[in-house]
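J.: Guided by the hints, dock chain G onto chain B, whose structure is given.
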Amino acid sequence: MKKTHIILIVVIAVMIGAMIGAISDSSSYADFGEAFDNPGDEYHVVGQLSKDKEMVYDPLSNPDLFTFWMRDVNGQEQQVILHKSKPQDFERSEQIVLIGSVENGAFHAHEILMKCPSKYTDGEVQEKPHA
Amino acid sequence: MEYVGEHLWAGELGHIFVLSAFGFGLLSSIAYFIAENKQDDSWKSLGRMAFYAHSVSVVAMVGMLFFMIFNQYFEYHYVWQHSSTDLPFRYIFSSFWEGVEGSFMLWMLWHVVIANFLLWRVKDWEAPVFSVIASVQTFLTSMLLGIVILDYKLGSNPFTALLREHPDFMNLPIFQVSEYLTVLDGRGLNPLLQNYWMTIHPPMLFFGFALTLVPFAYAIAGLWRKAYLDWIKPALTWTFFAIGILGTGILMGGAWAYEALSFGGFWAWDPVENSSLVPWLTLVGGGHLMLVQRNKGTSVMSMFLLITLSFCLVQYSSFLTKSGILGDSSVHSFTDLGMTGQLAVSLLFFTFLSVGLVIWRYKGFPKPNQEESIWSREFWMFIGALVLLVSAFQIGFSTSFPVINKIFGTNFAQSAERITYYNQWQLPLAIIVAFTLGFTQFLKYKSTKPKAFLKDLSISLALNLTLTAAIAWAMSISNLLILMLLFASLVATTANLDFMIRILSGKVLKSGSSIAHIGFALVLLGALLSTSQSETISQNTSLFDIEVLGETYDNNENILLMKDDTLRMGEYFVSYRGKEKEGHFIHYEVEYMQANEEGRLEKIFALYPFIQLNPRMGNVAEPYTKHYLGRDLYTHITYAELEEKKDESSQQEHVIQLGDTIFGKASFMVLDSLTTKPTKNTEGLTNKDMALGASFSLFDINTNEHHLMPLFVIRDRQYSFSVADSISSAGIKISFEGIDPTSESFKFVVEEQEANKKEFIVMKAIIFPAINVLWLGCILMAIGTFIAIAARLRRK
Numbered sequence: 001m002k003k004t005h006i007i008l009i010v011v012i013a014v015m016i017g018a019m020i021g022a023i024s025d026s027s028s029y030a031d032f033g034e035a036f037d038n039p040g041d042e043y044h045v046v047g048q049l050s051k052d053k054e055m056v057y058d059p060l061s062n063p064d065l066f067t068f069w070m071r072d073v074n075g076q077e078q079q080v081i082l083h084k085s086k087p088q089d090f091e092r093s094e095q096i097v098l099i100g101s102v103e104n105g106a107f108h109a110h111e112i113l114m115k116c117p118s119k120y121t122d123g124e125v126q127e128k129p130h131a
Numbered sequence: 001m002e003y004v005g006e007h008l009w010a011g012e013l014g015h016i017f018v019l020s021a022f023g024f025g026l027l028s029s030i031a032y033f034i035a036e037n038k039q040d041d042s043w044k045s046l047g048r049m050a051f052y053a054h055s056v057s058v059v060a061m062v063g064m065l066f067f068m069i070f071n072q073y074f075e076y077h078y079v080w081q082h083s084s085t086d087l088p089f090r091y092i093f094s095s096f097w098e099g100v101e102g103s104f105m106l107w108m109l110w111h112v113v114i115a116n117f118l119l120w121r122v123k124d125w126e127a128p129v130f131s132v133i134a135s136v137q138t139f140l141t142s143m144l145l146g147i148v149i150l151d152y153k154l155g156s157n158p159f160t161a162l163l164r165e166h167p168d169f170m171n172l173p174i175f176q177v178s179e180y181l182t183v184l185d186g187r188g189l190n191p192l193l194q195n196y197w198m199t200i201h202p203p204m205l206f207f208g209f210a211l212t213l214v215p216f217a218y219a220i221a222g223l224w225r226k227a228y229l230d231w232i233k234p235a236l237t238w239t240f241f242a243i244g245i246l247g248t249g250i251l252m253g254g255a256w257a258y259e260a261l262s263f264g265g266f267w268a269w270d271p272v273e274n275s276s277l278v279p280w281l282t283l284v285g286g287g288h289l290m291l292v293q294r295n296k297g298t299s300v301m302s303m304f305l306l307i308t309l310s311f312c313l314v315q316y317s318s319f320l321t322k323s324g325i326l327g328d329s330s331v332h333s334f335t336d337l338g339m340t341g342q343l344a345v346s347l348l349f350f351t352f353l354s355v356g357l358v359i360w361r362y363k364g365f366p367k368p369n370q371e372e373s374i375w376s377r378e379f380w381m382f383i384g385a386l387v388l389l390v391s392a393f394q395i396g397f398s399t400s401f402p403v404i405n406k407i408f409g410t411n412f413a414q415s416a417e418r419i420t421y422y423n424q425w426q427l428p429l430a431i432i433v434a435f436t437l438g439f440t441q442f443l444k445y446k447s448t449k450p451k452a453f454l455k456d457l458s459i460s461l462a463l464n465l466t467l468t469a470a471i472a473w474a475m476s477i478s479n480l481l482i483l484m485l486l487f488a489s490l491v492a493t494t495a496n497l498d499f500m501i502r503i504l505s506g507k508v509l510k511s512g513s514s515i516a517h518i519g520f521a522l523v524l525l526g527a528l529l530s531t532s533q534s535e536t537i538s539q540n541t542s543l544f545d546i547e548v549l550g551e552t553y554d555n556n557e558n559i560l561l562m563k564d565d566t567l568r569m570g571e572y573f574v575s576y577r578g579k580e581k582e583g584h585f586i587h588y589e590v591e592y593m594q595a596n597e598e599g600r601l602e603k604i605f606a607l608y609p610f611i612q613l614n615p616r617m618g619n620v621a622e623p624y625t626k627h628y629l630g631r632d633l634y635t636h637i638t639y640a641e642l643e644e645k646k647d648e649s650s651q652q653e654h655v656i657q658l659g660d661t662i663f664g665k666a667s668f669m670v671l672d673s674l675t676t677k678p679t680k681n682t683e684g685l686t687n688k689d690m691a692l693g694a695s696f697s698l699f700d701i702n703t704n705e706h707h708l709m710p711l712f713v714i715r716d717r718q719y720s721f722s723v724a725d726s727i728s729s730a731g732i733k734i735s736f737e738g739i740d741p742t743s744e745s746f747k748f749v750v751e752e753q754e755a756n757k758k759e760f761i762v763m764k765a766i767i768f769p770a771i772n773v774l775w776l777g778c779i780l781m782a783i784g785t786f787i788a789i790a791a792r793l794r795r796k
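Protein chains in written order, with the numbering used here: chain B, 1 to 131; chain G, 1 to 796.
Bound conformation, chain G alone:
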């Protein structure tokens, strides 16, 4: 069949770019390899030319895919899968990298951008460094080839995969119509990603990932050339740039989770979060060992291992998320595209290359004449780096359960108490890191006089002990480990602040590292205070609480709010005022009140947590947070009836005696007494009528008491009828339908309005104290890193 309106040329062109990117990448890598081994400049120029051609191909292929998404070429599976006609323009970028193929392209694009900058400054390191970079690019491009070799499909190519040829879709009737493109719409972007954080977090994170390639390439080049220390100087700035960007990218992910996901926090130790944190930790360790090397040749092996492993761990992180192996255990992971084997080969290649080279070259590493003194700064930087390695190992090992299960056929699963589990390991390690971060500022390189050091240290310890006690008292913290970390991070903050002011006399350009360290300490401090002292204030205070199943399972962390009822929640009184539908969103207005001086409730603010409706991918509750300087009030809907309630009512017949109670769904009614002289609802009755009034006390969900008096009337001794009574605020209508004199029982029909009684939301509210300390720390860390880099660039 001839299909009308397809843009097959676009895919063919894109496919050519993929092939040329692969070919030129491979050529460049080989040419540079020969250039280095033969020290031959003509091979080097060939390698460079090939790398330029590779770069152009990568840029063109990225441009092509973006063009296809922008122009909504839904005949392509990738475009169809990640975008739709109603997708706002600002999310077009997000749909580019939502899928595995696009995220590989983003990663490669960053490599190309970084490498072309590097090409300017790399000078005589060009051949070995670019041989490594080009080989990495070749492996990455192979993930996009989509070629079948000996029954094995190499990579997944977004340019050749047409929707109508996809096995899941090819038999659909729509593809029997040659003009199917006039009606076909894309499936659209996952609503969770339709958030501004998601347009900046992935590129930032991938930028950080991509930057780890530079120190890796230099380290391999250094091992290759047996120039074990010479590579450090040109690579150092890049390493700390990578640390700054990757750290920012990871924390942006935390900010996204906090702002847009209803996890209830900024860090959940999710496997995907962990897998991006692990290479950052090793890189920080490795970067600091590089600093030590500039001054002295010690711990060379640890430095090489940490730097090369950081890049391999970035690959491992990509393996975990993209192979689909995390399927059951993470919210972020992709589904399997059949690339697990290929990803594993790439990962193993670079890991064996790194470890193999380090072992092979080990004998030639410079050895120090004597051990470092315990009073030297480098000794403690070495300790700090090792602690970071242990921390990375602990996180990495636990995150790897799915991989371990696959390889060894075991059956481990992460404990549900994930946060407690990680904290119990990471807290002591963080304490050591924070302490070293603090007191190393009082130590000098090589050796320090113990006396002067101990004097500085004791002043700092005394000051911070006081501060810790004050904060602990103000926030009523009693857990020993938490107190120790609080103390340690205060030591780190004040020591660096002191160093900045006293030693550097406040010179901004020189204080980059101090600012970054203060930032890091504040991140620890903020994370510690906001999570350990967080308080779930939403508790079920509704009167209908029935503790069905004993204490152990009583989570009791959600509050049920009936519309317009006011309930106490923490220090507030809250009331659910109603909802408003706006496009794909339902906003729920929740009013917060506090008692004023006269004791009357006064509205202080309203929060609008919302639910994003998406019939295709499921509805998502998103949080709404009230920010104060010292704390946040974080709320999200945990349950709400989404179907519009019709104005239905249910009727139920009750035969009761005097004093009995009728239970409604949201209220109950007691038949108090009967009277032959009713005082209510008597309009329209004549004095010939015999009227019997039933006096009811009705208690609604707020325990407000109402009175009803339905009547049973006998007219002219001939016929009877009933006069109903109702309380609209409770949605209850009672009619008196009959009398049975022999059993002294009475028949009532109770009508309950569904609409009135069912409008409610279930909500969760958490107070996060001092979370702004965390964000301030993030910003300082980024600023400090960039000042340090600016200072280094200026020195050059």
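Here chain B stands alone, though its shape is the one from the complex:
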């Protein structure tokens, strides 16, 4: 067997390893139902902020703690405990992606991604400031 063949086999093996590694390290998109059925497992949950429910951010007590309610794509509402500061402009978010897991019966998120409002499709126009 030639050196090049050995090297190619090693390279392919590492690539397959990288694929397996990527998949085994990945988390998955889910709804609250699935996340609550599997406490401790990390999920990405997509949903919308429940604007009528209470949002609590008391930075004086803990600037890294923010709780709110989110409605997932199936309409299930859950309280979310975010272990970060409250994102700027949170109320205006249109869509939220939470990354976290269920611990002790509550959804704890350690990362949050927000889609900000209607950047591209809102049916609104502005008038010139001086007009």
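No lab work stands behind these hints, which were simulated from the structure alone.
Backbone N, C-alpha and C fix where the C-beta goes; we use that ideal spot for every residue, glycine too.
Some hints here could point you the wrong way.
Derived, one-sided and incomplete: chain B residues facing chain G with beta-carbon distance under 7 Å [what the hints assert, rightly or not]:
{"hint": "1", "residue": "I16"}
{"hint": "2", "residue": "A18"}
{"hint": "3", "residue": "S24"}
{"hint": "4", "residue": "P63"}
{"hint": "5", "residue": "T67"}
{"hint": "6", "residue": "K86"}
T.: Just chain G, lined up with the frame of chain B:
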């Protein structure tokens, strides 16, 4: 309805330019194709003429769109969407390429500029190379056609899309007025892009992307002509130019993220960042295999695959960002314009063309008589190129989850521990690359005497081991992988430095590649030290910290600063001094102090992290960084109350007994004692008055103790009133309202001023050590590449 003041001629003209760019591109590609297959010069001249006409059309169409933005023709959806009347002139260019259509135009414009330079020097390679280039341009122009064929909309045309005809807007009342343009304003540029880095990073990146077309076109031409090695010489300089520019463009993106985004770093393994890094890695690998080929015909297939795939991966990168498929997972991506299918067709066309040609021609590739020796430089360059390919594959595969999900219906998502995940794979690969970068300098092409090599190597290893130990001790690094990469990148740096001084005796023109390699090693070193040794020094030290939810979830990476309070943060004492509004920005002044020799706090500097207000697109916090030579102090606001607090106050009634405590929102008060002989607040009382004083100890947020004595006064045994006491610094006012003798309890009303207690910011501060090593590396890499290119051009 007749609309007044619209400039429909501009769009019609622009549309004509798009159509002619498409038509001439297609014609040029076909004419060159026939010219190559028939070896016919008249077809070649036709192809060239058509390519000139295509170039003129592209320049005219870019000029037209720019003209429309410059003159604020808001009747066009694209202009309306990306600019506004109050947009400063310097950001006009940014609004040009903010959208999908504009970024395609920028890309095409670079192709045209590069191709016209190439046309000078391409000589007998013209027909096949330009057939490829023109076909790429044809595909790109098709993204702008905006024509509906059999119910499928081909491309998105910024010149024909009028705002009043857009389905989301057409029913708005404003468009029932024929003079709507007199009042309509544009929606404006995303505030994140209103930054000087954003005026140079995208053109640089697209320039790099566009340059990958040249080696791609030459490689396809080489396969086409079965001239498997002859194309390398004319394409080599372009390849390394592409590597230099694309690398600079990517790092500029990192600099932008570091300077203007509150990601907390220069590289976040974001899918869009990754998708631009992947083709760079394969191109570096491919470029080095091209160097090997000049000396010997080995690993021809790997070279062809790496070079052609680099261009296909650039297309893939554009597919990822422009199809909207990354929607959920990246901050940079565009929204879907319905072009996913078209982008995929273009990507697949060029990928199948590349891979298909390589397989088809494989049998004819030159084969070496014997295998390369393990003691040869080319063997290790080959290994290095393969490691780069593995690295690119690992990043590319993980970044492709959204695509994999779409095709296979799976449900993978990137782990939230993205940085740890990528680092655990990329760190070992970087170690190998850095090592090969170092010791290949001691190897010769073909073969080296092992003895001499081992001698050189052992000196280098011993020296660098010492250096590594010294740095590790100084920065207290103990992680084995990090130590190994530190060692490897030091080997790479010193070996190249040594090569430059000893072998090249410091001749600048010859040392381009050495300088570039030193730069690359320093980038690795700087990235490694600044990220692995970074330290978040902002921790919540406020006294009101309540650990509600146990240890595991305690991020504790933000500090709460009440106005004018001084808190300890790392080696500093910090104090939030106030904010200042300036246009769309609110600057927060944060003062940094250190104890001087007498132990008193002294101001050493102030930082002004700020928030950019944008009612339409959301507010953005932007960082402010203090640069030292050896490290950076990087800060940004994570939370601040943006509404102006009115001077409101809240009142609350408390009925308490002696020794009880009243909790306010930012302080607490203890009723210590009562006295019939009050010593405070007695002005205006007569000796006939009976006054009862309540002595309170008040502890504010800094645990400073204050004393208050509100009075309850009975005058003439007829009526009672209260004399309140207040501590303005704590925003507290207490009045003594009554006594209940039977239960020995007392009634107080506590008034708290909202304004006083709520002014605060939540801030994050990170120390990045040795980040200047990274920037120095970037600059050296760019300088080295350009010296190498200058040297090659001179040799010609």
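J.: Hints first: check each against the structure and report whether it holds.
T.: The hints, checked one at a time:
no.: 1; hint: I16; in the structure: 10 Å, violated
no.: 2; hint: A18; in the structure: 4 Å, holds
no.: 3; hint: S24; in the structure: 10 Å, violated
no.: 4; hint: P63; in the structure: 4 Å, holds
no.: 5; hint: T67; in the structure: 10 Å, violated
no.: 6; hint: K86; in the structure: 6 Å, holds
Checked against the numbered hints given earlier, this structure breaks hints 1, 3 and 5; the rest are met.
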